[in-house]
Amino acid sequence: MADHHAVASAPHGGGGGHATVRTYINVAIALAIITAVEVATLYIPGIPSTVLVLSLLAMSAIKFFLVVGFFMHLKYDHPVMRALFVGPLIIAIAIILAVMALFSAFVLLPRVVL
Amino acid sequence: MVDHASAVAHAHDPNIGTTGLDNRKVGMWAFLGSDCMFFGSLIGTYLAYKGKSISGPLPHQVFDIPLTSYSAALLLASSLTMVLALAALQESRVKKAAGWLFVTAMLGLHFVLNQVYEFTTFALHHGLKLSTSLFGSTFFVLTGFHGAHVTGGVIWLLILVMLALRGKIDARDYTKVEIAGLYWHFVDIVWIAIFTVIYLIP
Amino acid sequence: MATQAAFMHGSKAETETFWGTVWSWLTTVDHKRIGILYGTSAFIFFLVGGIEALIMRLQLARPDNTLVGPERFNELFTMHGTTMIFLAVMPLSAAFFNYMIPLMIGARDVAFPRLNALSYWIFLSGALFLNSSWLFGMAPDGGWFGYANLTTTQFSPRHTIDFWMLGLQILGLSSMLAGFNFLVTIINMRAPGMTLMRMPVFVWMSFVTQFLIVLAFPAITVALILLMFDRFFGTLFYEPAAGGDPLLWQHLFWIFGHPEVYILILPAMGIVSEVLPTFARKPLFGAPVVIYSGIMIGFFGFGVWSHHMFSVGMGPVADAAFSISTMLIAVPTGVKILNWIGTLWGGSIRFKAPLYFSLGFIAMFTMGGLSGVMHASPPVDLQQTDSYFVVAHFHYVLFGGSIFGLFSGIYYWWPKITGKMLDDTLGRWHFWTMLIGFNMTFFPMHYLGLIGMPRRIYTYAPDLGWNHWNLISTIGSFLIGVSLLFFIVNVFRTRRSGAVAGNDPWDARTLEWSIPSPPPVYNFARIPQVHDRDDFWLQKYGDGHGGAPRPKPAPVTAAEIAAIHMPDTSFWPLLLALALAVMVSGLMISMVQVVIGGLLTLWLMYKFAMELHRPAAGHGH
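Protein chains in written order, with our numbering: chain R, 1437 to 1550; chain H, 6 to 207; chain G, 7 to 627.
For reference, chain R alone in the conformation it holds in the complex (with noise of 0.2 Å):
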């Protein structure tokens, strides 16, 4: 973490207020139209299950740092924040890998139960 934040002369709420309501609602619409996808993709006839996981879970990502950065403001927000929660966020994701591997859940993921 970066020395220079504890100067005083910081501006009160470290930035925001970049986003304004026209990016808030063209972020709104890019998470309806990747939802739709998502769905959408789930009806494709015969598409292999490796694509169908990967590209579920890009997809879920691109949602998921859309809402944080720009709906939570991180993008524009102080690096403090950033770090408070993009460092837990890695960890939470590394222990979940982890103890899928630790109960050989993998092999159960691209399975296609009918």
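In short, the hints are calculated from the structure, not lab data. Treat the hints with care, since some could be wrong.
To be verified - Facing chain H, according to a computed beta carbon distance under 7 Å, are these residues of chain G, among others:
no.	residue
1	G148
2	F151
3	L189
4	I193
5	M195
6	R196
7	V220
8	L221
9	A225
10	V228
11	F235
12	T241
13	F243
14	G249
15	G250
The structure displayed is predicted, hence computed values, not measured ones. We put the beta carbon where it would ideally sit given N, CA and C, even for glycine.
Starting from the structure of chain R, add chains H and G where the hints point.
Only chains H and G this time, still in chain R's reference frame:
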């Protein structure tokens, strides 16, 4: 004496620290980081037990993807109305902000009611309860705790609406509404993850 | 600023009577008073846990002993472990976080003073809740890590596990609330000029500890929630008959449990890093390296948890991965030990009680660390796991490490907190009896473990060759008890006739020594401007390379003091903690109580939040 003056200036608002950041906002982000670990542990549990139930019903037999997609859309829409409320408050348009906050709370309430309907259907029509199988246990506890987070958020938002209508909230209270918003969006992104990982991935 | 002396109003008049004093402590939001509350409660629970240990040692003093039966013995080791970790070491550390962090970073209080009070009252209610199980004859008996499925209703049908599980849940909430508070305090409340790398090392280690707390506790919260659902609502998480896997508990528990080990040791490491430079009259050797090592320990602390589980058979890949990460985490720990020794090297050392305890910490912790590295190798671990060797190991790090470090802090900061010096001769008696007693108690356990004595057994046959080492261990444990008597006598003598400390009795280096002892309610009459690490030392002596001492700041005026505004007292934290206890204990009694307690909690949260919303007119702003 400049330093002294700035220290005194900060004493006006006890919530602003020497970095110029608002304590409550830093605290909320720290809480959300911690809540990542909470939901991470629950999602990890769900995935570790995925496909290991020894009796039915199985996920694809009970999930109602159109209904859940509709719920997901409700939460995404509520995130938009939340930022619109904040934008209105920033311009000191308190009535408008209260309106958007109310819409946000109602969208959240609709989500919760959908979940109640979903849970009831699972239990009554598919015979899937907490104690039916590992799937029942992991699914209800994970989505139930998310639903509890949404419910808490709805109560928080309705209190803010009430305060705004009574004239107890204005543009000076931006941070108070902002941290409620951060919490609300977090609940939304948790659902983005749950929707994909639990419902969509077969 | 129409707040002339507003920080005193309300408490001045009330503190004159006895009940006024009680009320002022029940409603305090002052971080110093909350620190004292934490420290006092934790020390009492430390004695409770110690008595539990002594009973166990008496039972094991000779073979085929019948002082306590196996059921009671299970309760004793479960409550001893749980008490020492959650009710003694963690809150003792919290006492120092509370009292010292604001003073060391030049702040007037923590970021959220009322939340701080709430953390304490929740901690106390959780601690009392857990120990009230003794009164009902239902003390927890599943071991401090309560492995599933021993804890399910099938094998623990009574409320014993409920007390443990709900008590830990309450204590975890308290720790997490305090964690958020200190994170924000350290990030946001540092005095102007105190950059992160100028922060005292104790504050740094506390900072890492708070991250560990807020990120590790959610894992045990989830593990306990799943257990609670299994016990109360019939879910199947830990039910092998339904495909559930008891290993899930072990994983979730140790995802919390290993960071918890560092939560227990890092604050003590921070204390030692303050004490050594003061008594060696030298800056901490390689302070940035000590800090980076602390961060590394915190980060790696999340990647080693399965080394507690080598014996369950996770397979060669998992064993190898966790073995390597465990060996890696020993590196930053070793680096720190090197730095502490480097700090002493060539210093003009003054042998006072705080230094003795810090030196004891380094020696004992190193031994515990070395036996810890041995466990990192799965084949070696398989020989040692669940034997007394492990008991010896973790007492060397948690008693030889944490407790020695915390006592070092107690002797070091006592003058700051009370204004009086603890007697140094009694302090040295305390140290030597504790060191000898400690080694007599725990060193033989290494040997006992290697010749086959398992953990948690309540008695043993006379022909196993364990008899005299067990007896020596028991004698040692009572010597530890005697050493604590020296400390208690010292405390009471100091209260009556201790030497007055003055601002800076140790000729120390950090900001808390620049203000009176005990500090005024507002801590710093003027928030200091910081230019360096060890700024206070440089003010006194210059940089040691011929540079002149830094000019002292101008005297504080009465008007400045009059303009200070401190937060008012509040009774909502206490009430909120009570309501929470009503709700949680209702889970064992009736759902009606849960609902009533829950609604009460919600209402009180609202009152708590609204107390500072738009303060009433005439209140200042």
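Evaluated hints:
1. Residue-level restraint check for G/G148 is violated (minimum Cβ-Cβ distance to chain H is 20 Å; threshold 7 Å).
2. For G/F151, the suggested interface contact is broken, since its CB lies about 16 Å from the closest CB of chain H, more than 7 Å.
3. The interface hint given for G/L189 is met, as the beta carbon of that residue sits about 5 Å from the closest beta carbon of chain H, less than 7 Å.
4. The beta carbon of G/I193 is positioned within 7 Å of a beta carbon in chain H (closest approach about 6 Å), and the interface hint is therefore held.
5. Taken as an interface hint, G/M195 checks out: its beta carbon lies about 5 Å from the nearest beta carbon of chain H, inside 7 Å.
6. Annotation: interface hint on G/R196 holds; nearest CB of chain H at approximately 6 Å, less than 7 Å.
7. Hint status for G/V220: holds, given a least beta-carbon distance of 4 Å to chain H, under 7 Å.
8. Hint status for G/L221: holds, given a least beta-carbon distance of 5 Å to chain H, under 7 Å.
9. The interface hint given for G/A225 is met, as the beta carbon of that residue sits about 5 Å from the closest beta carbon of chain H, less than 7 Å.
10. Because the beta carbon of G/V228 sits about 4 Å from the nearest beta carbon in chain H, less than 7 Å, this interface hint is met.
11. Against a cut-off of 7 Å between C-beta atoms, the interface hint on G/F235 holds, since the closest Cβ of chain H lies about 6 Å away.
12. A hinted interface residue such as G/T241 counts as satisfied when its beta carbon comes closer than 7 Å to some beta carbon of chain H; here the least separation is about 4 Å, so the hint holds.
13. The interface hint given for G/F243 is met, as the beta carbon of that residue sits about 6 Å from the closest beta carbon of chain H, less than 7 Å.
14. Evaluation of the G/G249 hint against chain H yields a held restraint, the C-beta minimum of about 5 Å falling below 7 Å.
15. A cut of 7 Å between beta carbons decides the hint on G/G250: the least distance to chain H is about 6 Å, and the hint holds.
Taken one by one, the earlier hints fail for this structure at numbers 1, 2, listed in ascending order.
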